[in-house]
Structures are given as structure tokens and as C-alpha cells.
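These protein sequence lines map, in sequence, to chains A and B. If you count the first sequence from 1, position 201 lands on 305 in our numbering, and the numbers rise without skipping. If you count the second sequence from 1, position 433 lands on 537 in our numbering, and the numbers rise without skipping.
Watch out, some of these pointers could steer you wrong.
Identical chains share a label here; the pair holds if one copy fits it or two copies do between them.
Okay, derived cross-link-like pairs now, EDC-like style, lysine to aspartate or glutamate, Cα gap no bigger than 16 Å in a straight line [unchecked claim]:
(1) K122 <-> D289
(2) K240 <-> E271
(3) K464 <-> E372
(4) K154 <-> E390
(5) K374 <-> E111
(6) K374 <-> E129
(7) K463 <-> E372
(8) K374 <-> E424
(9) K506 <-> D443
(10) K401 <-> E152
(11) K368 <-> E424
(12) K514 <-> D274
(13) K154 <-> D375
(14) K637 <-> E152
(15) K212 <-> E259
By construction, these hints were calculated from the structure, which means they are not laboratory data.
What follows is the residue order along each chain.
Protein chains: 2
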Amino acid sequence: MVFEIIERDLMGRIGRVKTKSGIIETPAILPVINPFKLTIPPKTLQIEFKVNAIITNAYILMKNFYKEVTAAGVHKFLDFNGPIMTDSGAYQLLVYGEVDATPEEIVKFQELINPDICVFLDVPTGSGVSYKTARKTVDETLRRGRECLEIKSKEGILWVGPVQGGEFIDLVEESARQISRLPFDLYALGSPTKFLEQYNYSKIVEMIVAAKRNLPLNKPVHLFGAGHPMVFPLAVVLGCDIFDSASYALYAEGERYITPYGTKRLSELKDVICTCPVCYKHTPSEILRMEKKMRIKLLAEHNLHVILNEINNIKYAIREGRLWEYLECKSRSHPTLYDAFKLLKKYQDYLEKGTPTSKKRALLWLSDETVNRPEIKRHLDRLNKLQIPWQPRTLLIVPEFKNKPFSKSKLYNQLLNNILMRTDILKNVQIVILSKMFGLIPIEIEEYYPLSQHLTPTIISETHLNLIKDTLIKFISMNYFKKIILLNDERQYGSILTEFLLNMRNENKFSDLQVFKLNNSSYIGQEDLYKLKAILTGDIENC
Amino acid sequence: MVFEIIERDLMGRIGRVKTKSGIIETPAILPVINPFKLTIPPKTLQIEFKVNAIITNAYILMKNFYKEVTAAGVHKFLDFNGPIMTDSGAYQLLVYGEVDATPEEIVKFQELINPDICVFLDVPTGSGVSYKTARKTVDETLRRGRECLEIKSKEGILWVGPVQGGEFIDLVEESARQISRLPFDLYALGSPTKFLEQYNYSKIVEMIVAAKRNLPLNKPVHLFGAGHPMVFPLAVVLGCDIFDSASYALYAEGERYITPYGTKRLSELKDVICTCPVCYKHTPSEILRMEKKMRIKLLAEHNLHVILNEINNIKYAIREGRLWEYLECKSRSHPTLYDAFKLLKKYQDYLEKGTPTSKKRALLWLSDETVNRPEIKRHLDRLNKLQIPWQPRTLLIVPEFKNKPFSKSKLYNQLLNNILMRTDILKNVQIVILSKMFGLIPIEIEEYYPLSQHLTPTIISETHLNLIKDTLIKFISMNYFKKIILLNDERQYGSILTEFLLNMRNENKFSDLQVFKLNNSSYIGQEDLYKLKAILTGDIENC
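Can you make the complete structure from the sequences, with help from the hints?
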């Protein structure tokens, strides 16, 4: 197996790509090496930056360093003994419209210089092209992919199958479907660069999902040309494993300073806002006063530190099962990233596939978009199908408490001693817990993860209320209760739920409503408890 | 002037506190020096960490190092020539119930060892005490404050006036009001530690606002005992300038690793997730295998790097005018921090005071809580008072475009050539732009900051819609239009606004509604343009 998946969260995963020069642990960012200009030498990347894989351009090598690189092999030529990936010149094809090499030549040249991962000369769709042209790039990429697999003869090299189609989502889907039938070791999504430049993250989301849904989930996927850390969390959430970054050096040349939430001109920076080895030693104004070559070198180093650290933080978030929360925070970097984050609502089913059913940590409600978490969707899907087999006549609705599970609460204890020990009562009552995170939780399943392992804000938002109302409506119409009893926490809900249930009763969704007010938001008064018991017993007599 | 304010955003500020040993640039975090255990020596703090001020405990010095520290002075004793603040033993009073020294002794001892900033022995309210006890701590603190000002005789020392009252907001207000009448150089808010430990950030918000509203705005304010970076952005937004942190060392001793969004056990960490000099050199597992003393030293260093970097990032956010956005992102670290962030809605007027009317950067809409920004409140306050002096009969509502201002749009150009050049039409028409960020913007003021300098998501949320509807209702009822014309961007708003305006018309808020659909979300068709012109001219004839 070329790719081993170690941990998952949402569609992100920590994995290991096995190459002949070593393992690439994903999510990974491969710094792009420009053979003309080693802003940071590959050896330094390996030793000082602990970078374990790099990417360079086979076409540039072929056209400019043919003799040296074919003689030495790409590892010796670049002085890097870890995994090396070579891109094919497709980017040059996109920018200049043509390249001075055939797909066959590029395949053979790559085998000659012997990197670990290779891409054949695919035809990037780019942006702003017609549907017809886009379709041609897809078809031609596929044709070249098939040709590549026929031509290639060297063992030990992993080959990448790129998906094209650009902004045409149906073409991306088709391209992915077709290329996934060819036995590539990795897949890639072709140049989203234009959309990234336009901050069109919503389009990126659509493109990635369209590709990923049609690619085998057990193969790593490279997102080409996405080198800015702002996009990494989103792309990883959607299932991208490998990135390449020329940006650390390109931004440095433009005297730009990368931060996880955007890029600044070095000259705009007054404060040290980073702890990386470069920023620890030099203030922005010191760097600004250095001679140009040193300034660019230091900026490139800083930029790379930030980029690598972002990948490490994402990896850690996957390991901890808090990738959603990580993105929830990071998506507050730009309104367009926030747009893209909201769009994930459309892809809950897709994201749910990779989300573990159990984690070590509590889920956190951090904004109203938390409602789109696949864990919530998962619960609601089950709840909406849940018809209680013993058909109880009464629904008893209890509030949630800060300390979960409910069965540890004072109220539960009261119910336990007086009601829940009575099997004659029990068979006629279903107890559900109101939940700001999950709407409603039947008491029988409350200890299943994450139904008691989550933290919500104290303030109830419209989103919480709507969630509770929606689940109430569905649960009640699925189960035909005669009577509904609400133990109301007025401090939290006021009379909102009472009115809501009254309306439902008036619409004959059930016939009888009884509301008890909790004392001090936490327990039921003695008299009310007797009354509650009497009602529940009365139900039995009526049967 | 002891305190000079350089930059502001919300109630946060970059300032300079002038002490006899140098300037403390705020927001500042003063590492706490435990004289028994110099986890990181003060000299190292100064040189390697660029820390320019520290805090230590006068009571501990007095009880344990009396001879040495009175002989050498606190600067020589600690080997630190920058500003030193001494706390008074009030914390020991809180923890142990009593201290073995009188307030007078503490004042005199501090003058003897000659730090730059001193606190008299105040009486911390703490938490979980009765109102009566709390009131006593407030009164006794005030009495001791007065006494301190009478006793103190040494020139050149700055004295701090602490505010007490704990969770009793009216007591905090009174305490602040009273202490602010005494001529202290700095003020402080007493021990919120318990609430911080409980993650009760909402209480912290209330306490800070209660204190700050009653303290002079031109004096620096210290928030005692808030040493975790999670709370810094919120506290700075509300106007706290100085923090102290024992946490970098205390957490290290508990083998805990601070991150900007929470704290981890070192043993839980698998990945390097930080670029600081410690983490650059050592992986978590390497640190875990070291001997204990070295492990704690390195952890303390890491923790301090994170803490200092957070302060630097906050400072930078103030400088850039994006402190709200910084907090908007950071408040997604925990549900209780999110609660506290939402609570800022209550304090818009307070926060507005410090918010510049003009900034170099565009405002970003990053979540539905963005609607609570003081810049929006500021606009709505003006809008809600705006009665158009020339009393136009017609309101023309136009959509906003991604590229602002509206006057650069194709639609504006169409209106300009056909309508806006006609002064006879103009005096009867008010044009307003629908805005996702500001509700409504009268066209005359659209170029004032930030009415055209902001970015919003593409997706319209309920919050946007409610904002627009609310401002429409208020604007229309303030100005008595006869006719309303909506140039509707259906792609954005569908028929929502049309229906909303129809309802208003049916309620006789105005008498005539005309809706034109925009082509391609961007311009008005030729025929519609003529019709619009005719309507507007017709209005004139009807007058």
C-alpha cells in the first residue's frame, strides 16, 4: 500500500505516503524548488526546517540542466535525499500556452532523473475558458494519462493522476471519475490558482468536493498551487493531503510577510508578531534595512516557518479530533473564507464519512455555524428515523444541565426515586433531554459520544432554538404522543417552549400539555413532583 | 504625563507608561518573578525575551530577603535594570486569610527597595463571599489607599489603586468611582482569578466594564492575575493595559504547554505546533525525556514565548485597526469565550468611544456577531436620527455591489446620465444603498469611512436581512415617503424585500411601491430605465 491512513477527522487525515526515498507524512506541504534560484537550499530545508519532501519542475530541469541532472539524478543534483516530486511543466503550459516538449519526452525524462513522485504533462484547464475548451483539457489530460501509464517503465516511481475541469463542476466530476479508473498512485486537483488569487474559496470547496467524491478515498490527493496557509485548513477538511508552495519564496521576493491569516508588506510591519527563529533574532525594521539578498532569504525562511507550522497545527487538530473547531476559528480570516465555511452545510454527508464516531475530547459550540457539524447531522438523521418501539403515550421533556450526563443531575435523582423505578410508569413515558447542541436527546442514548460530551454557550441563540423546535416537531410527529409534559427551565427558555408546544397542541399534534416550572433552574418542587407522579400514574389508569 | 496613548482601537490602546527605569509599552505582560525560584532569570528575560518590565512580590521579599533586598535595592537584587513592579502580598492575604505585616509596613518596605511601580496592601474580594464581606473589602481597600497616599514619601515611584468588589458589579462600580478620586498613577482590577479558572469570561467582561467605566480613561489599568493568553484579546478590547503572568512558570511546573487557545499536557503532544526557539530545537517527546529541571525551564520558556507573542499580535491588531476581527477569531477558542464575545453587544456604546472614525483598512464581516461592531452601531445611531431636510417624496433603493463605492458602478452611471443630472428630479428623490454591513446607506455619505470600505460574505444571513429590514422600517418612518422604488437584485434577495415593502405599504407606511428587477444583478434594462425616469418625472408633475 502506497498510502496508509493513521488518523481521520472530517475528510482530513493523517497519512503516510511510502516512496522509495522515504515516507511523506500527510498533510504535507512540499516547498517548491526553483533550480535557478535556491532561496533556501534543499539541504537546509531538510536539516533546519525538517522538511521531508520537496517538489521541483521537470520541464525546467530538462530544458536548462539536462546534462547535469540526467548524469547525477535529481536527488544528487538538488542535494536532497528525501522524497522528491517533479511537476511536469503543465504550469508553464498554462501560463505560456505551450511547452517545447511532448508528453512522452517529459515522462521519459522524469524516469531518467528518477524522482519519487512524478506528474505527466497534463493540460490545466485554468480559468476563464469556455466549457468546450475546458472539456478538451479534461479529455486530453486523460489521453495523456493513459499514454503515460503505457510508456512508463521504471519501477519505484509513484505517478500522479491530475483532475481537470476548472470551474465546471460537472467536468471536474467526470475528470475525477475517469482518471480514478486509471491505476495512478496519487491523484491531484489541477490549478485552482486563479480562484485562490480571487479569494474565491467557495469555488475551491465545490471543486475539491467534486473531485474527491469521485476519487478513491484510499489514495492521497494533491491540491496544486495552493501555497498560502489561509487555505490549508479548509482544503484538509475536504480531504486534500498534499500541497506545494512556491509562495514562501515568491512572497519573499515581493517583500511580503506571510501570517496564518493573510499577507503583509514587510514595510507595514511595526511589531514582531511571530516567534519563529527569524523573527526571534530580527525585528521587521532590522530585516528591512538589510541588503536585498539577505532580506529575501530571511523573509523566505520566515514564510516557510509559518507555512510548515500551519500544517503541523492542522495535523495536531486532526489527531485531537478538533479539526472542525480549528477551521471554525481560522475561517474568521476573511469574509470569503467565512462564505466557504458556511457552504460546508451542503456537504455534511460527505464530511460525516470521515468523522470518527468517538473522540477523546468534548465538542465545542463556537458559533452558529457549529450547527453544521457532521456529528449533529449524524444524530439528527438517527433521531428523525427513531420511532420508539413500545409506543409510550407520554413524552416527558427535561432540560439539559451544564454538567452532563443528565443522569448525574439532581433532577434525574428526583425522577429516579419517584418515577423511573416504576416499570408500570416507565413503559408509558419517553424522556427526552433538550439540547442546545443536538436538539433532543432520548435519555436512553445520552451517554453515547458525543451526546453528553460537548460544551455549549450559556446564551441561547436563534440557531439553538430552531434546532430544538425542528427536532421536537419531527420527534413528536414520528411518535404520536397523547400527552406532553415539559419540565421548563424558565431562566433559559422563558415561555418560548411552552408557547411553541401550545401551538402544536392546538394543531392537534398531541392532545394534552402539562408544564412544570423548575425551581432555581435545577429541580422540581416537592408538590409538583407528586403531581407529576400522579399524572403519570393516571395515564396508566386511563389506558 | 505618566501614560501616553499612541494608538486606539475599541477600548484597547497602545500606550507608554513612563517609569524611572524606562518605558513600559502597553499592552504589556509582566512576567512574575518568584524570588525563591528563578525559572527564567530576569536578565535572560530582558536580553533573550526582550521583556522590558517584570513584577515580583514585596511581601515575600520582605519576609525572606529583607537584608539583601533593602541593601541592594530590588533592581540589583533581581539583576534587572528595567521597570519593576511589586505586588503587595494581597494575593497571600486572599489565599491564607492573613499576612504578617501591616499595610504601612508594606508601603514603607516598598519605598525602601525602590521599585518603579508599587501596590499597597489592598484587600482582595475574591469570590464566593457575601455581599457584606465584599463591601468590607472595598471599604478597607479604599481606606488603605488613602493611608498609602499619606504615608508614601519617596519621589519617582508610581502607585497603583486597585478596584475591588468581585462579582458584585455595583460594588466594582463604586470601588472604581471612589478609588479614581484618589491620585493614583495606575489603577488595577482585583483578582478575577477564580472566574478565569471557571472559564467565566462573561463575569470578567462585566467586571472590567464596571471598573473601566468609572476609572479615568487616561490612566493605565492592570488586570491582576490574568496570565493566560486566551483572555488577553478580550481584556484588551475592554481597556486593560497591563497583565501579569506567573502562569508561564506555574504551568511549566505542572508540565503544561500553553497555546494561544488553551493548555495541553506536554505528554499529550505528538506534533511540534509552535515555531518558538524552544520548539524549533526540541520536539515535545525530546523535552519529555529530559531531566525535570531542564524540562521545566524549556516549558517555561516556550510558555513565555507564546504569551509575549500573543501580546505582540494584539498590539499589532490595534495598530492595524483590526482588534475586533482579531477577537472575533480568537473568541472561537471556547464556548464561554464565545458567550463573552456575544455579550459585547451590551457594551457597544462603551466600545465605540475608543474606536477610530477612520482606519486604513476595510472592515471585515466574519460572523453574525460582526453586527455588534461599534462602527455599525455608530452608523445606525446616525441613520436613525436622520431626517432628510428637503423632504423628498420618493425613496429609491439600490443594491450594493461587490466593488464599492456604488458611485463607481454601472447602475450608478445609468442613473447618473438619466436621472441624477436632473436637479428637478433630484430634489424629490432620496437614494439609499442596501448594505449587508450597515443596513442602509444614504448615497450622499457612502464614501465616508467605513461605509464603502468593508467586505461582507456573499451569502446573505438572517442577521443581514434583519439589519436591512430594521433600518428600512426606521428610515421610512422617520421620513414619510410617498413612493418607494426598489431596484431589486433578485439573485441576492429574491422576493424577500419586495414582500417586506409590500407589507409596509399595506400598513400605510407609504402609499406606492414600484419594483424593478435588475438584469444580471448589475444594471437596469433600457425600457425600465425610461419607465423609472417617467415615474420620477411624474412625481414632480404631481407635486
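Hints versus structure:
1. K122 <-> D289: within (10 Å within a copy, 64 Å between copies)
2. K240 <-> E271: Only inside one copy: K240 and E271 sit 14 Å apart there, 69 Å across copies, limit 16 Å.
3. K464 <-> E372: between (42 Å within a copy, 11 Å between copies)
4. K154 <-> E390: Answer is between: at 15 Å across copies they meet the 16 Å cutoff, but 26 Å inside does not.
5. K374 <-> E111: Classified as between: cross-chain Cα gap 13 Å, same-chain 40 Å, threshold 16 Å.
6. K374 <-> E129: Cα proximity of K374 and E129: across copies only (13 Å, versus 36 Å in one copy).
7. K463 <-> E372: between (43 Å within a copy, 14 Å between copies)
8. K374 <-> E424: between (35 Å within a copy, 10 Å between copies)
9. K506 <-> D443: Answer is between; shortest inter-copy Cα gap is 14 Å, intra-copy 31 Å.
10. K401 <-> E152: Only inside one copy: K401 and E152 sit 14 Å apart there, 23 Å across copies, limit 16 Å.
11. K368 <-> E424: between (31 Å within a copy, 11 Å between copies)
12. K514 <-> D274: neither (56 Å within a copy, 32 Å between copies)
13. K154 <-> D375: between (27 Å within a copy, 12 Å between copies)
14. K637 <-> E152: neither (71 Å within a copy, 69 Å between copies)
15. K212 <-> E259: within (13 Å within a copy, 82 Å between copies)
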